[in-house]
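Visitor: Here's the letter readout for the chains.
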Amino acid sequence: MTTVLEARQITKTYGDFIANDGIDFSLHKGEIHAIVGENGAGKTTLMRMLYGMEAPTSGDIVCQGEVKRFQSPLEAIQSGIGMVFQHFMLFPTYTVAENIVIGNEPARGIWFDRKLAADRIKALCETYQLHVDPDQKVSECSLGTRQRIEILKVLYNGADIIILDEPTAVLTPLEVKELLVTIKRLAKQGKSIILITHKLHEVMEAADRVTVLRNGKVTGTLEADRTSAEEISRLMVGRELEGVARQDNKAGEPVLQVRKLVVKGANGKALLNDINFDVCAGEIVGIAGVSGNGQSELVRVLNGLIKADQGSMLLDGTDVTNLPVRRIRAAGLAHIPEDRYLWGASKDASVKENAIMGHYRKDGCHRFGLLRHKRLNQLVHGWVQSFAVKTASIHEQAQYLSGGNLQKLISAREIGQHTKCIIAAEPTRGVDLGAMEIIHRQLLRKRESGEAVLVVSSELSEMMTLSDRILVMFEGEIVGELKGKDASEEEISLLMAGGGRA
Amino acid sequence: MKNWNPMLLSMMQPIMAILFGLTAGAIVVSFTGESVMECFKELWRGAFGSFYFLSSTMARATPIILSGLGIAFAFRAGFFNMGAEGQMVLGGLAAALTALHVPGPGWVKLVAALCAGIAAGGMWSVLAVWMEVKFKVNLLISTLLLNYIAVLFAGYIVSGPFKDTSGSAGLAQTAMIDQGSWLPKLYNGMSVHAGFSIAIGLTVLFVLMFRYSIVGYEVKMLGLNPSFAMYGGVNRLQMMIFSMVASGGLAGLAGGVEVLGMQYRFVDGALTMPGYAWTALMAALLANAHPAGTAVCSFLLAALQTGAAGMERNTNVPVELSAVIQAVLILFVSVKFGYSFMRRRKARKNNGSII
Amino acid sequence: GCSASKTKDQAGSDAETKKPLRVALITPEKIGVNPFFQIMDEGAKQAALTYKVEQKTMESADPNAIEENLRVAVADNYDLIITSSFQAADALKKVAAENPDKKFIIIDDVVDLPNVRSAVFREQEAAYLLGAAAGLSTKSDTVGMVVAMDIPLMKKWTSGFEQGLKATNPQATFLVNYVGSFTDPAKAKELALVQYSKGADFVAGASAVGDLGVFEAAKEKGFFTSGQDIDRTMIDPQHIVMSQLKSADNVVIDSIKQFVDGSFAPGVYDYGLKENGVGITYVTDNNPFITKETIEKVLQIRSDIISGKTSVVNPLK
Amino acid sequence: MDQLFDISLLNSTIRMVTPILLAALGGALCARAGLFNVGLEGMVLAGAFGAVLGNYLLNNLFLAVMFAIGCVLLLSLLYGYFTIHLKANVIVVGIAVNFLAMGLTTFLLSAVFHVKGAYYNKDMEGLPRLDIPVLSKVPVLGDVVSGYSPIVFCAFLLVIVLHLFLYRTVTGFRLSAVGQSPIVAQSAGIKVRRYQYAAVLACGMLCGLAGAQLSLGQVTMFAEGMTSGRGFIALVAMMLGQANPAGIMGSSLLFGLMDALSIRMQGLWLPTPFTMMVPYVVTIMAMFFFKDKSYLHGTTGSSR
Ligand SMILES: Nc1ncnc2c1ncn2[C@@H]1O[C@H](COP(=O)(O)OP(=O)(O)OP(=O)(O)O)[C@@H](O)[C@H]1O
Ligand SMILES: Nc1ncnc2c1ncn2[C@@H]1O[C@H](COP(=O)(O)OP(=O)(O)OP(=O)(O)O)[C@@H](O)[C@H]1O
Ligand SMILES: [Mg+2]
Ligand SMILES: [Mg+2]
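Protein chains in written order, with the working numbering: chain U, 1 to 502; chain A, 1 to 355; chain G, 1 to 317; chain R, 1 to 304.
Extracted from the complex, chain U is given alone in its bound form (with noise of 0.2 Å):
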């Protein structure tokens, strides 16, 4: 068995901070080596390093037997390392084919031969079974496509290694199971793998070995059919998870209710067709779907963020229907959004800023239009301890946190709101096995407390361990409801797939 890449006691620290202790990590060919760890465990950053868009302090990479200094990606690519990052590096206005030739396009003299590049695109997919569309705009593109483009892109410079930063996050559960197939084939076809994730199972089903990193050490390096998920998350985190509980309790009275909602696209098209659904105090219920079929719509006119065309939405009794975000939250709404650097939050300001949104205008918050940024001080300190989300300060910009740990101190915000009712849009998403139990553990707190709770999530396994109820969504309309405990994959998945729709 041949080392393709190699790290021998790497070591990154940003200033005093050791992002990456002494990591020993290789690399075997044709393999598929998982990296887990907490977030904010250093596994980006050894990425980066490996990917020479980071220098490392000390220590050696090792790529095909010889010792390397990467001075930019550009020669990490020239050695046969590809690397596709957890935020797409796609640029939206250009095609797919334009996005997997730049840099290497086929030319005749100076001119850009974009026939020959769709053609090139084309065989490409053949030969990696992967399929996009090479004149497809990638604005136009599902995430899962958008995926593929990133990985075709790697192949299509010649990269032997791919390295794939968190590829499963932003994907639904079939997507997820293509993905897998396809890294699984590439490993066959001789390529060497590196793929990062959060999510055990699938650690379990694609890879060869893992590397387990915690606090920027490894904390060790297991072959995955002679392990468990426990034991790995028991390196992961350092101590046995606990597992999250649920108490049967009894639904209450509807809180949020919505009336034949219906929302009109630009051309006129409906994205949300006839909604009707209602939550319950001391209720969660989930909304599944895949990607693009009217579930991000849904939250965001809830929110307020979108207006509705027809339909109504009562919130606690008063009618919410179309009136500005802030009265919405105003009536007693929280929202956990889907996209956090979007929508979430803001990466230049301060933690704290990011967490006082939506608090600011409350009680005891504000005196005669002025922010007591006492007070403040005290609650983003509270949630910050409670949801253990890592930052130097509450005054440290929101840029420099890990992305689960954003995604807590989000929930902690929105959570921290105590309104009747919560949306949570992808509350996990991104997050570790303890940060992700946390979440769900104070989202069935709401739950216990008599809130009404609505989750809108592409994970399937989330979906089942919260949901009283699940409605899943199919172009726009709810096709279908299914109670939580004997909901099924399969039956979910199909309805999903617009399988109910007859």
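For the record, the hints were derived by calculation from the structure and aren't laboratory data. Glycine included, C-beta positions come from ideal geometry on N, C-alpha and C. Hints should not be assumed to be uniformly reliable.
Derived, one-sided and incomplete: chain R residues facing chain G with beta-carbon distance under 7 Å [unchecked claim]:
(1) S8
(2) Q218
(3) G225
(4) Q266
(5) M276
Position chains A, G and R with the ligands relative to chain U; hints supplied.
Guide: Coordinates of chains A, G and R with the ligands only, in the frame set by chain U:
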């Protein structure tokens, strides 16, 4: 501590860079064969050398600080106001006409005139907002183009309907405002007037506003990430109108203050020729739209200009070269050496260098 | 200002006998595009040499610098401070009133104070002559004028010209176009070309630097033109056949002379044709546009204006 | 009304528009590379001076134009160094470049030519007028399309060349990518800075041409500040044309035509200041119809 750092930095960087700029300026000066030390001494003397010169630096800084604050305000909320010049001109015009034609005692006229200046500037910038909302016209273009229209319009008003008919009458200017409604001078025989106090007062007000008030927080959040602010319940349209009105109003106030405190009448070209608006734009950008930083940068740029005038008077450096030296100094100030070096990593993450 | 050191040396020789008088000229803008300030500067320098005074020119970079320059000149104890134009009038009013012992001169505007001497010009009289000459000479009965800006001040040129034109050639058409800038020869040239295309065979330039553009259009298309403020005819005598004069230099020299010999007095001095403060020049030899007879007629008009037989309306009054 | 339209109107529009068009194309290249160039005014001014200086020193029109380009290249190198290398704020650097050009040209005007205000020499030769062999004989069309300086033809040719460059060549494709997102471009292995420098230098070249057309094509002289705001109009034309060569040509021509029309409207019924507003008002109104401003996102920051 954390809170102070960015503010301190935003003030320190221009000062650091000025040192580098002075070195570059020295090279330019040495080409003319003049004594470098002599020139810089005169540059300093022209800006701060005596109380008189300090006061004229303060007077010159007044409209720059005010419109700089305006530009910074809009910028904080995420909007680019390139129209300070037009807003300033209309503000000055409205102030002059109000002071001339509103009945009442002097101080009433004065207050009315200042309000008119603010209103005129604010309304002019709201026109740009309206076009952005209604027709999606990019603010940058519309505010830039509205400058030309405002300047031409003001020129017409003071060479036509409201022309000064006293004196030689050949001038595109309004009549002189009664002494009773002048902004008082802070010191006798010095050019600095009460407008400077207004500017400093507003600077402090904005610093406090951004640190402590709800509105300040909302404006800042909107500027940093509009989607996030909207999601959190900030009304973008309301805030856009508010911040652009404030921005234009401040530029209008700058014009009004200049008219009521310096020229005592609206003179065609007197607000545009010194390039106040451009200087203010630079000040706001250099300070990263921080209010206190903007005021400090405005003051430094004004000092650079009055200093250059002094250098011109008292050395043999030709007039033309002082513009070159100014430009060189500004170039170096713009680099923010210390800052950008420390934050280079971050800049890379932030999508390059733009704005 | 780079002349100070030179005059200082010169003055040094007779320094023991008596300290030379010191004269400051403060222009309201940078000396550059406006020849008016240039000749003023030249006049001052010439007078400094002739009358052995120490002279310094301060150019104001923008309108705010005028007052400062005036104050600095006062503080530096200059004996006579000369400034110019409406831009400086407000500042001078303040500074002169605060310093009643200092002597000031303002050229081209009036400041009514006991220590200020004001010199103004009746440009309309020279413009009248120019218009008359054009009216007498035009073959197409269409003449034009390219003006810098549509501001009241420029009416002295346009209106004077029109009066002269109508007096000699009532049916002639008068085209006026405004450049909108003092520094745009390219646009001035286009405007002259437009007027030419509308039939003008004479286009007067009144657009500061833009005049150069007008001259170029004339050379290109072969029509006739005139310059302003100083004698521009030597640039291209074949096409620039006249120039309207405004002798700011003479006014400066005169004033300095009077100041030196003690006959300087405040008050308003009005310079017109009579006082030789304004006038026009012609190209006399080999000039197909302005004939001998025309010149004679224009000279007649000139003496009529001087004698008061013909009166030129001041458009600003 | 027929007073307003004639062939000389079109002629004058084309002449007046050329410097604006060239500068706007240069600005577009910068915008494509993610740099919003406010320094166009200064660059054109430097070009105008460089052309006259080159003509005076070298006594050869071609070399004079090359000299102008060389001068502006130096200035744009400075612009590039500060914005790309030192990461200074692009707008501040742009404004400083304008100051610098204004100061340097007036200084050199008096240092080299010993004049203030303007340098004009009757014997100085301007750029020749070219007639297009066959077309110039065609009655109306011939008058419209021929009789301009080579730079005018060059400018309109450049519109096509740049269009092909941006949309058909590999380099143009990558340049646009850099402007869209420097980070993504860099991760694709594109040398972002190199492209940005190239764009800035090309912009300098175009501004040099624009200046040469102004000072040797339209007139034959240099006057201080003779650009009179054309650089800013170019900036507007660039934005209105969405940094796309054909669009820029359209918006420049629109502005030029309105400007020429406003000249003819002088003295008709509106006071002059209002006729002078016409081009600006029409330009703003034209923007009511262009709603896709997506390309501006990286470059400006109307909403950051
Ligand atoms: N440039 C940097 N400067 C300072 N600290 C950094 C920098 N890059 C990363 N860090 C810190 O290093 C730690 C490791 O980050 P890294 O992104 O590698 O975590 P991760 O394992 O990828 O986490 P996640 O699961 O959330 O993706 C984090 O705490 C992060 O804050
Ligand atoms: N220049 C920097 N200074 C400080 N911290 C940084 C810097 N660059 C990156 N980081 C931190 O390093 C980590 C890695 O960033 P990256 O963009 O890979 O996000 P991520 O943690 O992988 O995101 P996600 O959870 O969504 O997976 C983040 O915690 C980020 O805040
Ligand atoms: Mg990571
Ligand atoms: Mg992560």
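Visitor: Are the hints correct? Go through all of them and say.
Guide: Results of checking the hints against the structure:
no. : hint : in the structure
1   : S8   : holds, 5 Å
2   : Q218 : holds, 4 Å
3   : G225 : holds, 4 Å
4   : Q266 : holds, 5 Å
5   : M276 : holds, 5 Å
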